[in-house]
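All chains should be built: construct the whole structure from the sequences, respecting the hints.
Position one of the sequence shown corresponds to residue 1 (my numbering), numbered consecutively onward.
These aren't lab readings, by the way, just hints derived from the structure by calculation.
Honestly, I wouldn't trust all of these hints.
[Claimed, not checked] Dumping the calculated DSS-like pairs for lysine-lysine here, alpha-carbon to alpha-carbon at most 27 Å:
hint: 1; residue 1: Lys-53; residue 2: Lys-79
hint: 2; residue 1: Lys-230; residue 2: Lys-81
hint: 3; residue 1: Lys-220; residue 2: Lys-122
hint: 4; residue 1: Lys-220; residue 2: Lys-118
hint: 5; residue 1: Lys-220; residue 2: Lys-230
hint: 6; residue 1: Lys-53; residue 2: Lys-81
hint: 7; residue 1: Lys-53; residue 2: Lys-40
hint: 8; residue 1: Lys-230; residue 2: Lys-121
hint: 9; residue 1: Lys-230; residue 2: Lys-308
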Amino acid sequence: MRNKKQVVQKNKGSFGVYMKRYWQLYALLALPLLYLLVFKYVPMVYIQIAFKKYSIVQSVWEMPLANNHGFEYFIKAFKSKDFLLALRNTVTLNLLDLLIGFPAPIIFALILNELCFKRFKKVIQTIAYMPHFLSWVIIYSLALQLFAPHEGLVNMLIENLGGTSIPFLNNAAHWVATYIGVGVWQNFGWGSIVYLAAIAGINPELYEAASVDGAGRWRKMWHITLPGIKSTIVVLLIMNLGNILGSGFDRPFAFQNNLVMNVADVISTYVYRTGIKGLQFSLTTAVGLFQSVVGVFFLLMANWLSRKLGERGIW
1 MRNKKQVVQK NKGSFGVYMK RYWQLYALLA LPLLYLLVFK YVPMVYIQIA
51 FKKYSIVQSV WEMPLANNHG FEYFIKAFKS KDFLLALRNT VTLNLLDLLI
101 GFPAPIIFAL ILNELCFKRF KKVIQTIAYM PHFLSWVIIY SLALQLFAPH
151 EGLVNMLIEN LGGTSIPFLN NAAHWVATYI GVGVWQNFGW GSIVYLAAIA
201 GINPELYEAA SVDGAGRWRK MWHITLPGIK STIVVLLIMN LGNILGSGFD
251 RPFAFQNNLV MNVADVISTY VYRTGIKGLQ FSLTTAVGLF QSVVGVFFLL
301 MANWLSRKLG ERGIW
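Listed below in structure tokens is the structure:
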């Protein structure tokens, strides 16, 4: 018993010493934690709107429960053709973003790592980062000037060369290609920062040893650089898979038009149109809750699969 008391007292003493030494670090967490509490966790109280009949004159606790044991609006959503179309478009566009956009910053980081001239490398990095700081409204304005059917610069060049104009923004298939391509252009430079940081952490002695063994640049990249950043790639891939049903509002809303709504309408724009403009708050809250639950499921599955394959995962 005496030994146990001594151990407890020792632990308390060591904890007190630790907190006394590092209390500034924990104090720095106060504002971020307060932000999470006020803007992320407190609003979760209103998730129950998805299971209730919304009334603007009643508090969320006083609203009556919806039909079908509260699942009325979930059933209504899955019977809605507009929601099913938005769900299909969200999954399709996010999968294409993942397949095409996810490898782009990795490839760009590998190319930058192989550049010998530092000044040229810095110029290329700066140019590649710049689109990340532009809003989607500005990017769409640029895309409109480039890809408009007849007045766009690209189509004017095509017509001057004897070709026919391409409906980049008016045809469904061309719109999807333009949407994905512009998204890759906007994000690949900024996304490469994480991979460049991971590459910088690789032990340079590995490259020296490979040079002694006669390995060229391709072999060094394939057998040293890529394995060195594999854990970073896996973690970011898991996070992207968790967002497979998530979609930002600005990008699809800026690019969509009436001619391509069958491929451009996603969950975020559906929620805006139906929930905010159509005043169906319970329905769109149910859609948002479904979207979040599926996202968490994909995140957990991707993390489990990565651990099964021998990677560290997120936790």
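Hint by hint, here is what the structure shows:
Between Lys-53 and Lys-79 the alpha-carbon distance is near 18 Å, which keeps this suggested pair within the 27 Å criterion. As the CA atoms of Lys-230 and Lys-81 are separated by approximately 41 Å, the hinted pair breaks the 27 Å bound. Using a Cα cut-off of 27 Å, the hinted pair Lys-220 and Lys-122 holds, with the two alpha carbons roughly 22 Å apart. Between Lys-220 and Lys-118 the alpha-carbon distance is near 20 Å, which keeps this suggested pair within the 27 Å criterion.
Between Lys-220 and Lys-230, the direct Cα distance comes to roughly 14 Å. Compliance with the 27 Å bound is thereby established for this hinted pair. With a C-alpha separation of about 22 Å, the suggested pair Lys-53 and Lys-81 falls inside the 27 Å cut-off, and the hint holds. About 23 Å separates the Cα atoms of Lys-53 and Lys-40, which keeps this hinted pair within 27 Å; it holds. Taking the CA atoms of Lys-230 and Lys-121, the gap is near 23 Å; set against the 27 Å cutoff, the hint holds.
Proximity of Lys-230 to Lys-308 is assessed by CA-CA distance (about 15 Å); at most 27 Å being required, the pair is judged to hold.
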